[in-house]
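Engineer: Protein sequences appear in the order of chains A, B, C and D. Mapping to this note's numbering: the first sequence position 109 is 109, numbers consecutive. Mapping to this note's numbering: the second sequence position 212 is 212, numbers consecutive. Mapping to this note's numbering: the third sequence position 265 is 265, numbers consecutive. Mapping to this note's numbering: the fourth sequence position 251 is 251, numbers consecutive.
Please keep in mind that the hints were generated in silico from the structure rather than gathered at the bench. Owing to the predicted nature of the structure, the values given are computational and were not obtained by experimental measurement. Treat the hints with care, as some may be off.
Straight-line C-alpha distance at most 35 Å; calculated DSBU-like pairs for lysine-lysine [claimed, not checked]:
1. Lys164(D) - Lys181(D)
2. Lys28(B) - Lys262(A)
3. Lys131(C) - Lys49(A)
4. Lys164(C) - Lys181(C)
5. Lys28(B) - Lys250(D)
6. Lys28(A) - Lys181(C)
7. Lys131(D) - Lys164(C)
So, partial list: chain D residues that the calculated Cβ filter (under 7 Å) puts toward chain C [as the list claims (entries may be wrong)]:
8. Asn149
9. Val162
10. Lys164
11. Ala196
12. Ala197
13. Pro201
14. Val203
15. Thr204
16. Ala319
17. Asn321
18. Ala323
The C-beta atom is built at its ideal place from N, Cα and C for all residues, glycine as well.
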Amino acid sequence: MSTATEPQTVMLPMVAAINRAIDEAMTKDPRVIVLGEDVADSEGGGVYKATMGLSTTHGTDRVRSTPISEQAIVGAAIGAAIAGFRPIAEIMMFDFIAVAMDQVCNHAAKLRYMSGSQTAVPITIRCSAGAGMQFGAQHSDMLEAWLCHVPGLKVVIPSNPADAKGLLTSCIFDEDPCVFVEQTMSYFLPGPVPVGEHVVPLGQAAVRREGTDLTIVSYGRQVNDCLRASDALAQDGIEAEVLDLRSLVPLDLDRVLTSVAKTRRALVVHEAVTRCGFGAELSAQITEHLFDSLAGPVARLGAKNVPVPYSMPLERAYLPGRAEIVDAARRVVEH
Amino acid sequence: MSTATEPQTVMLPMVAAINRAIDEAMTKDPRVIVLGEDVADSEGGGVYKATMGLSTTHGTDRVRSTPISEQAIVGAAIGAAIAGFRPIAEIMMFDFIAVAMDQVCNHAAKLRYMSGSQTAVPITIRCSAGAGMQFGAQHSDMLEAWLCHVPGLKVVIPSNPADAKGLLTSCIFDEDPCVFVEQTMSYFLPGPVPVGEHVVPLGQAAVRREGTDLTIVSYGRQVNDCLRASDALAQDGIEAEVLDLRSLVPLDLDRVLTSVAKTRRALVVHEAVTRCGFGAELSAQITEHLFDSLAGPVARLGAKNVPVPYSMPLERAYLPGRAEIVDAARRVVEH
Amino acid sequence: MTPDRVALLGMFETATKIKQCDERFRLLLASGQIVCTYYSPRGQEIIPSAFSVLLRPDDYMVTTYRGLHDHIGKGVDLRGLWAEFLGKRSGTCKGKGGPMHVTDPTSGLMVTTGIVGSGLPIANGFGLAAKLAGTDQVTVVNFGDGASNIGAFHEALNLAAVWKLPVIFMCQNNRYAEHTKLADGTSVERIAMRAAAYGIPGVTVDGNDPIAMYEAAATAVRRARSGEGPTLLEGITYRFFGHIMGDDMKYQPAEERQAAMDADPVPAFRVWLLAEGVAEEVDLAEIEQRCDAAIDDAVAYALAAELPSPDELEDDVYAENLA
Amino acid sequence: MTPDRVALLGMFETATKIKQCDERFRLLLASGQIVCTYYSPRGQEIIPSAFSVLLRPDDYMVTTYRGLHDHIGKGVDLRGLWAEFLGKRSGTCKGKGGPMHVTDPTSGLMVTTGIVGSGLPIANGFGLAAKLAGTDQVTVVNFGDGASNIGAFHEALNLAAVWKLPVIFMCQNNRYAEHTKLADGTSVERIAMRAAAYGIPGVTVDGNDPIAMYEAAATAVRRARSGEGPTLLEGITYRFFGHIMGDDMKYQPAEERQAAMDADPVPAFRVWLLAEGVAEEVDLAEIEQRCDAAIDDAVAYALAAELPSPDELEDDVYAENLA
Ligand SMILES: Cc1ncc(C[n+]2csc(CCOP(=O)(O)OP(=O)(O)O)c2C)c(N)n1
Ligand SMILES: Cc1ncc(C[n+]2csc(CCOP(=O)(O)OP(=O)(O)O)c2C)c(N)n1
Ligand SMILES: [Mg+2]
Ligand SMILES: [Mg+2]
């Protein structure tokens, strides 16, 4: 990288990339507002500092700290969205969405349909999420499958800082309600992030690694584990193609099918509990479309079917890790 | 049926079978209590009369009408259960569980694990559910997949009055939190119900029809549609085996695999939206276990991927019906 | 702020239209000519009538499944409304929403929800939008006495108070939540007493008294419009025909119901208008005929309208249909 | 109901144990000897100390992530507690729950929840159980000022009032909800004012004043135990060390924090006990040494204890492991 020319990218942790996306969206469009617990600078700019500086730059009218009232937060976002704003509502941790599921699923998701498209709910709900920090069972869940089961919602999970910026920008300007899931374990990992406007469209998976022997489909921070696992597999002569879905709804099924048609073997990896996780949907869809060309069953690797345990060795055993990915991929190839 | 001997069964609609199950459980065990909106007789014994007579028989201490406060209802049930009672909490319609998801999923489901089994939450949550009554998008959802994704919960959906009685009895006396889903459209369909103690264990699927050409796996009222569809299929020489899962968690995977190993073809049918529905999990599991013996991909038939519409022709098009089951089964066999 | 003649006649017209609409619905339902879930608002006509003459079309309203009176009061077109209840394609929401989910942005009727209490947090969003946009639009959200016991009520009132939102929380206290008497589920005698928990005005008024209701609503609207913040308004009323059409109403003492029906607010309003000399018999009869005609027209329109086609099922889920 | 000498010394012992435990946690965390999420209760010792001498082991308690002081006050064994915080197999909950989810039925500490406000509805269930079983057990549920803005608070207080449950809603008002000042998120000055919305007693007390706190708690306990129903009790206190260990506390004015620490309730209590002649220096020193020794023992036990094995992961999800 030359210092003489304006750099195209800067190294930023994901949490800063998210901050930039919001900042730039707010600068570009006065309809973008932010609401959530502790989001304003007088409250520290968010517990993970994702909204730091925004209230100072854009004012506390547009960046509003709220009481601890998730139904009120999402409800206010919905009403303001119908009335023409583009609210970004923060639910501090994904597990807490459980107290607001009615607003999210019975209202945000359904109001366009129930009104025959007379109203729209272009909100973005940001949630930090996931295990790995020893926060225990109520601060560690990945619940994207709940939301993917609800027609009307879009569901987005970035795997790296650049995508976090680009996908969040898409969510903010999308005409439909989007849930944007930010795995806390990824917040502080740096990566190159494009400076200035950067949009990653929803519904476009990325091929993170090309390969011929199996397709590993993943999303969120597990993509990185899949890539590292692929390096290990390559040493054994197994070439994995790694797909990063980026958004689950809309789903880039074409890209998935193209890859699996080529490799004839697929493994789906995600952090959420396996039972009724998004991997089940993917497995079913891949099988429905490609049964005759598959060399073996689509395999799934997710978390164990237990509440997230506190103690570190248990939490480690709960999560799908690199070693498990390698093992699962080997079994897929050996079928 | 002879009138001289005590009949083994009586014809009852499902709602009455449910009433009997609760009545008998309350008679047998003083720890069984009921709470929910309008459940006592002064409030009419439930909007569908499922709890009619119970407060008169067992007293308003044990059959308690509540305010409209689903979090308070489930929370009170949880606390009382930990303290030794066996509460049956009614959530009037399944969609409304969205306001109580935190109590159900973060608490009822997790407290045993989080306490290292020092406490247990033996509650039963009853919900009337499902589309077909033109109630529109907020009174018609089938959300069992949400709950199956939550470790710690059990999920039960009866297809007929006898099972409703026997399965509900199992739920009430189960040591874990059970969600018992009652499709409103089935409430008033009569069927033979065993008189007196009748227990159907959780985790035992029933073969409702034997067949050799494909296995149709279903649960709840759609089992009956599958049976009628099978009659139509039989006229074309297609013999479907129809399985009624009865409980999704625990799942009688053995029974499913035994059947599909025999027929080599499977179709999963449920009322819930297909995307990320329980059918995805079943499809994935069947494929994982039986890939090499399957003659074609596991097919899924659920509701269309839209909020439940109000207008009758739309609601009909939304739901999987008998004709769609026949078509789907034909496609499965033709693969 | 007493209502002038125009306001009074406007209120009477709204009340009459609601009453007649309800009567027509119940008639057609009872005779089997139409089929739909129906939550009768009969007996509760006065509250929306007051707002009908106090709100502008660009003011926002949110209501519930028991919303027909509010829809009419806010000015939702009767043809579309009837067609929506009958599930027709030309209904307000293309037949997709139905009676519990009427939306009509043209008249400012923004959301009708079937989930008890859930309209309140959303109403705050409309209030927030008005505040941020710097307009003086007011939002009215209607809900029942029973709804005051659910969490969303509490969160919404607190947030509205903290943010001083221009929202009127209109509790239509008809003394029953489905089959449950007020006192059996609610720990205060007057819902408006709960305003003390949020430091905002809480006002209880006879919701069947046109003057009292108008004055209380006018005060709340003025307060909201001038940026002074939210009000919790409680109108005491009564639901004549049970929770839902078909309901056996056994839990409602017959005498109590009879007493309420004897004090039917719409004919009482009529008598009062004549007695006070606000209008002549002929004026009121003309209003009644106009309403009748409008309803005849709407019913005929809705009955003749087409049902949607199954092809339309998958539209309107997202801005663009997903693959 | 003034506390007698035994009660006062009991309270002092609890307060001391909490303070020392907290200091040890922060010391070991700061030095990197242990790692865990930690929500310091330092500054809030007096509230649980009052309950520690007023409740029986068979009385129920529910608390939150900021629960260490309540755990100690209710009598959770220190060894198990320390082991649980450190994720050890011999922890109270086998290391599966962790600091935010301590359960210890032996001492009556029934639920510790990490979801703001969610303990309140569950506490009603314990109250209901006691009522149905005809015992005179009391349930205390602790929560913060911020929690009084969430829906579950409202639903729980209403239900407790309607059912007259023997539940004490103990709001530990430490004036911050994470980083948000009370006034910025809460529409009333005193949380106890919200009791009016449920027709139950609402009492605000200096939660750092041992006598006032004891008296208010004793009144609420007596009321609950004698079947008179719930109380909303608000103890004003202050959180010395931010929301969570590691928190930069920038949102807390330094002077405000300093003033609170200057009025540290535990040494103040000590001074008062001596000044009033309730105890001699030697009595208090003995208590302090006893606490210290107990903590030494618990820490040593917890540090030496084994971590759970991955084999244990899938146990305890259901009564019997599913296939
Ligand atoms: C969250 C939720 N719980 C329960 C219901 C079922 N339900 C529909 S209306 C109603 C009673 C509401 O009473 P109230 O608020 O007084 O309104 P009213 O019907 O009297 O206008 C109930 C319990 C619901 N729709 N939503
Ligand atoms: C439903 C929910 N929303 C948000 C959070 C995140 N959170 C944890 S503690 C807290 C502040 C609670 O403040 P308060 O009730 O005053 O208790 P304190 O921490 O001061 O003891 C918040 C917002 C949560 N745990 N649960
Ligand atoms: Mg009512
Ligand atoms: Mg606090």
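Engineer: Each of the hints needs a verdict: does it hold here or not?
Structural biologist: Hint check:
A distance of roughly 32 Å separates the Cα atoms of Lys164(D) and Lys181(D); the hinted pair therefore holds under the 35 Å criterion. A C-alpha spacing of about 62 Å is found between Lys28(B) and Lys262(A), which places the hinted pair above 35 Å, so the restraint is violated. A hinted pair counts as satisfied when its Cα atoms are at most 35 Å apart, and Lys131(C) with Lys49(A) qualifies at roughly 27 Å. In summary, the hint linking Lys164(C) to Lys181(C) is supported, as the alpha carbons are separated by about 32 Å, within the 35 Å threshold.
Distance restraint check for Lys28(B) and Lys250(D): the Cα-Cα separation of roughly 60 Å exceeds the 35 Å cut-off, and the hinted pair is therefore not satisfied. Between Lys28(A) and Lys181(C) the alpha-carbon distance is near 53 Å, which puts this suggested pair outside the 35 Å criterion. In summary, the hint linking Lys131(D) to Lys164(C) is not supported, as the alpha carbons are separated by about 41 Å, beyond the 35 Å threshold. With a cut of 7 Å, the hint placing Asn149(D) at the interface with chain C holds, because the nearest CB-to-CB distance is about 5 Å.
Interface restraint check: Val162(D) against chain C, minimum CB-CB distance 5 Å, threshold 7 Å, status holds. For Lys164(D), the interface hint is violated, the least distance from its beta-carbon to any beta-carbon of chain C being 10 Å, above 7 Å. Contact between Ala196(D) and chain C, as hinted, is supported at the beta carbon level, the nearest pair being about 5 Å apart and thus within 7 Å. About 4 Å separates the beta-carbon of Ala197(D) from the nearest beta-carbon of chain C, less than 7 Å, and the hint is met.
With 7 Å as the threshold, the beta carbon of Pro201(D) stays out of range of chain C, its nearest partner Cβ sitting at about 12 Å, so the hint is violated. Hint on Val203(D) is violated. Least Cβ distance to chain C is approximately 15 Å, over the 7 Å limit. Contact between Thr204(D) and chain C, as hinted, is not supported at the beta carbon level, the nearest pair being about 14 Å apart and thus beyond 7 Å. The restraint placing Ala319(D) at the interface with chain C is violated, with a minimum CB-CB distance near 31 Å, outside the 7 Å limit.
The restraint placing Asn321(D) at the interface with chain C is violated, with a minimum CB-CB distance near 35 Å, outside the 7 Å limit. Using the Cβ-Cβ criterion of 7 Å, the hint placing Ala323(D) at the interface with chain C is not satisfied: the shortest such distance is roughly 36 Å.
Violated hints, listed in ascending order, are 2, 5, 6, 7, 10, 13, 14, 15, 16, 17 and 18; each of the other numbered hints is respected by the structure.
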